[in-house]
Amino acid sequence: MTSESREKLWDLATYLIAIIIAAFFLVPLLWLLSLALRTRQEVFLGASRFIPKRPTLGNFEQILSDPAFMNYLWNGLKLSALGGIGCLIVAAPAAYAFSRFHFQSRSSLMMSILAFQMVSPLVILVPLYRYMATLGLLDGHFGVTMIYIAVSLPMAVWLLKSSIDGIPKSLEEAAQIDGCSRFGIFWRITLPLVAPGLASAFILIMILNWSQFLVPFLLLTTDSKLPISVAIFTFAGTSNASSTQVLAAACLVAVVPAIVAFLLLQRMIVGALTAGAVKG
Amino acid sequence: MTVSEAAIGGRRGNMPRSSLMRRIEENPFSWLLPVAILLGVFYLYPIFDVLRLAFTNASLRGGEEHYTVDSFVALIANPALPDILWTTFVFTAGSVVGQQLFGLGIAVLVMRGERRRLYGMTALRTIVLIAWVIPGIANGLIWQMLFSEAPFGAINSVLRMMAIQPVAWLSDPGIAMISAIVSNVWRGTAFSMIVFYAALKGIDNTLYEAASVDGANGWQRFRFITLPQMRAAILVNSILITIATLNTFDAIISLTGGGPGRATEVLSLYTFNTVFRNLDLAGGSVLSVLMLLISLVLAVGYASFLPRREANE
Numbered sequence: 074m075t076s077e078s079r080e081k082l083w084d085l086a087t088y089l090i091a092i093i094i095a096a097f098f099l100v101p102l103l104w105l106l107s108l109a110l111r112t113r114q115e116v117f118l119g120a121s122r123f124i125p126k127r128p129t130l131g132n133f134e135q136i137l138s139d140p141a142f143m144n145y146l147w148n149g150l151k152l153s154a155l156g157g158i159g160c161l162i163v164a165a166p167a168a169y170a171f172s173r174f175h176f177q178s179r180s181s182l183m184m185s186i187l188a189f190q191m192v193s194p195l196v197i198l199v200p201l202y203r204y205m206a207t208l209g210l211l212d213g214h215f216g217v218t219m220i221y222i223a224v225s226l227p228m229a230v231w232l233l234k235s236s237i238d239g240i241p242k243s244l245e246e247a248a249q250i251d252g253c254s255r256f257g258i259f260w261r262i263t264l265p266l267v268a269p270g271l272a273s274a275f276i277l278i279m280i281l282n283w284s285q286f287l288v289p290f291l292l293l294t295t296d297s298k299l300p301i302s303v304a305i306f307t308f309a310g311t312s313n314a315s316s317t318q319v320l321a322a323a324c325l326v327a328v329v330p331a332i333v334a335f336l337l338l339q340r341m342i343v344g345a346l347t348a349g350a351v352k353g
Numbered sequence: 005m006t007v008s009e010a011a012i013g014g015r016r017g018n019m020p021r022s023s024l025m026r027r028i029e030e031n032p033f034s035w036l037l038p039v040a041i042l043l044g045v046f047y048l049y050p051i052f053d054v055l056r057l058a059f060t061n062a063s064l065r066g067g068e069e070h071y072t073v074d075s076f077v078a079l080i081a082n083p084a085l086p087d088i089l090w091t092t093f094v095f096t097a098g099s100v101v102g103q104q105l106f107g108l109g110i111a112v113l114v115m116r117g118e119r120r121r122l123y124g125m126t127a128l129r130t131i132v133l134i135a136w137v138i139p140g141i142a143n144g145l146i147w148q149m150l151f152s153e154a155p156f157g158a159i160n161s162v163l164r165m166m167a168i169q170p171v172a173w174l175s176d177p178g179i180a181m182i183s184a185i186v187s188n189v190w191r192g193t194a195f196s197m198i199v200f201y202a203a204l205k206g207i208d209n210t211l212y213e214a215a216s217v218d219g220a221n222g223w224q225r226f227r228f229i230t231l232p233q234m235r236a237a238i239l240v241n242s243i244l245i246t247i248a249t250l251n252t253f254d255a256i257i258s259l260t261g262g263g264p265g266r267a268t269e270v271l272s273l274y275t276f277n278t279v280f281r282n283l284d285l286a287g288g289s290v291l292s293v294l295m296l297l298i299s300l301v302l303a304v305g306y307a308s309f310l311p312r313r314e315a316n317e
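Protein sequences, first through last, are from chains A and B. Under this note's numbering, residues 74 to 353 are what the first sequence spells out, in order. Under this note's numbering, residues 5 to 317 are what the second sequence spells out, in order.
In case anyone wonders, no lab produced these hints; they're calculated from the structure. Positions of the beta carbon are idealized from the N, C-alpha and C atoms, including for glycine. Some hints here could point you the wrong way.
Okay, the calculated bits of chain B under chain A, using three or more residues with CB under 8 Å as the criterion [said to hold, decoys possible]:
#1 172-182
#2 225-231
Calculated lysine-lysine pairs in the DSS-like style (CA-CA distance at most 30 Å, straight line) [claimed, not checked]:
#3 A:Lys-242 x B:Lys-205
#4 A:Lys-151 x A:Lys-242
#5 B:Lys-205 x A:Lys-81
From just these sequences and the hints, can you work out the full model?
What follows is the structure, given as structure tokens:
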């Protein structure tokens with residue numbers, strides 16, 4: 074067998090394995106979609122109705138017409154966005170300093186910031202729960218947002234630092250010669266240049282905040298303040314076999330925004346992640 | 005490299021800037037202050053407080069607090085602890101090994117496909133990555149619908165159609181752990197894949213050419229070039245996903261709730277239950293300290309494996 078025909082055979086194997094892998098990753102989501110489109114009767118027919126005979130959008134209608142559910146979605150969006158914006162505001166100056174200043178403890182400080190990433194939010198929530206109770210911050214979006222910011226800070230600093238590293242210094246140096254202050258340079262030159270990096274970091278952090286469960290689950294008690302991640306968990310606890318199709322629809326609605334955000338900005342996000350990964 | 009800012013800065017600025025202002029601006033630590041404050045308030049202080057609380061009898065019920073080592077004694081005497089640690093170990097080891105093998109396999113496959121200009125490789129990468137953005141809670145609920153023994157459980161209903169005995173995916177203690185690992189691998193593999201994919205792209209192609217000249221076959225190229233070149237990436241990735249898995253909580257609470265019995269009650273879930281179900285703040289703090297210690301040992305390992313190249317950058 075020539076090496077070219079052997080390669081062709083390997084190509085075939087590559088396709089085969091790729092299809093199996095794709096199936097493993099897609100089937101759970103397709104099953105979710107399948108259940109969400111079924112009527113209650115068809116849910117009990119299991120896999121034989123993978124493609125529902127009488128597909129219905131009724132489950133989505135039921136979910137999306139419920140004002141409480143829309144409120145959960147809104148809370149999720151609000152907390153994720155506020156957490157993302159807050160995180161960038163705090164992280165950007167630090168990332169600038171790590172990229173543009175040369176000081177002794179720079180790399181050890183960067184490592185210690187990364188070390189915080191290793192601490193489980195659960196560990197810090199054990200004592201924070203009590204402080205927040207004393208400060209009256211329990212059951213409010215402000216306290217939750219602040220913890221979101223803190224939790225995503227280490228990653229944001231690292232991502233933004235590598236974005237700022239990627240833009241040339243010459244413009245900043247020109248501005249410096251023109252007498253622009255440090256902060257002026259940061260505000261008027263560095264930040265606009267690094268806008269794509271800020272955008273991808275923002276989306277990435279928003280996706281992670283959207284998944285946050287522990288923090289809002291512990292700190293929020295009022296139903297109207299809960300974000301979607303906590304709401305579907307509570308809903309799953311109260312639902313039974315005959316409402317599985319509604320739970321599937323709710324899950325899908327909770328999952329789709331994250332998937333869409335990711336697909337729209339996939340190139341940027343993967344770029345940001347791999348840049349970080351290569352640097353270790 | 006940088007122009008001497010002190011000499012030039014502010015000379016032609018529109019408004020006169022005081023020298024104090026400039027000194028603040030030129031000090032890197034003033035730029036780091038916001039991060040330092042937030043991490044201090046929300047991480048450092050709580051960590052110290054966890055250490056302190058571990059030596060008290062604190063409870064979320066309130067009541068008078070005094071210092072004691074009772075909680076440590078209680079933890080060591082706790083008959084459930086070995087089981088919890090073993091469960092945590094099995095779940096973590098299974099997830100980490102599974103995610104890395106699978107992630108490496110997919111990364112190698114995608115690289116090969118891209119080299120041969122096959123169709124659909126970006127699509128494959130995207131499909132794997134989609135699972136990664138699924139919230140942990142939804143991950144648990146989705147897999148519950150797949151593993152369920154009710155008629156709508158996907159896997160069992162397929163088995164029934166093929167006239168095979170259904171499996172108690174979530175109610176048999178031994179199998180429930182496997183189910184939990186599978187669902188965690190589903191969601192976590194993407195991270196390893198992307199790390200390995202980036203590392204593979206970074207390998208110098210001339211190494212492979214040289215090996216081909218020497219007559220190395222595909223396996224030998226993988227074994228003697230790819231794997232050694234990826235050593236750092238694999239080490240770093242191991243530690244990152246080990247710690248992420250140790251802290252996994254939402255995907256388990258929504259899949260099995262720690263059950264059946266205690267079969268999937270990992271350390272983070274046990275800590276949560278101790279503090280927020282039993283309201284035992286001191287006992288939970290001791291467990292938190294244990295979690296911190298495990299993470300710390302791993303983090304130190306992580307740092308010691310990092311190449312020292314930052315210094316002359």
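Here's how the hints hold up against the structure:
Three residues within the 8 Å Cβ limit are the bar, and the segment 172-182 of chain B against chain A gives 0, so the coverage statement is violated. Figure legend: the segment 225-231 of chain B, annotated as covered by chain A; annotation inconsistent (0 residues with Cβ-Cβ distances under 8 Å, at least 3 required). This hinted pair checks out: A:Lys-242 and B:Lys-205 have alpha carbons roughly 27 Å apart, not beyond 30 Å. Distance restraint check for A:Lys-151 and A:Lys-242: the Cα-Cα separation of roughly 36 Å exceeds the 30 Å cut-off, and the hinted pair is therefore not satisfied.
Taken as a hint, the B:Lys-205 and A:Lys-81 pair is honoured in the structure, with Cα atoms around 23 Å apart against an allowance of 30 Å.
Hint compliance for this structure: hints 1, 2, 4 are not met, and every other hint is.
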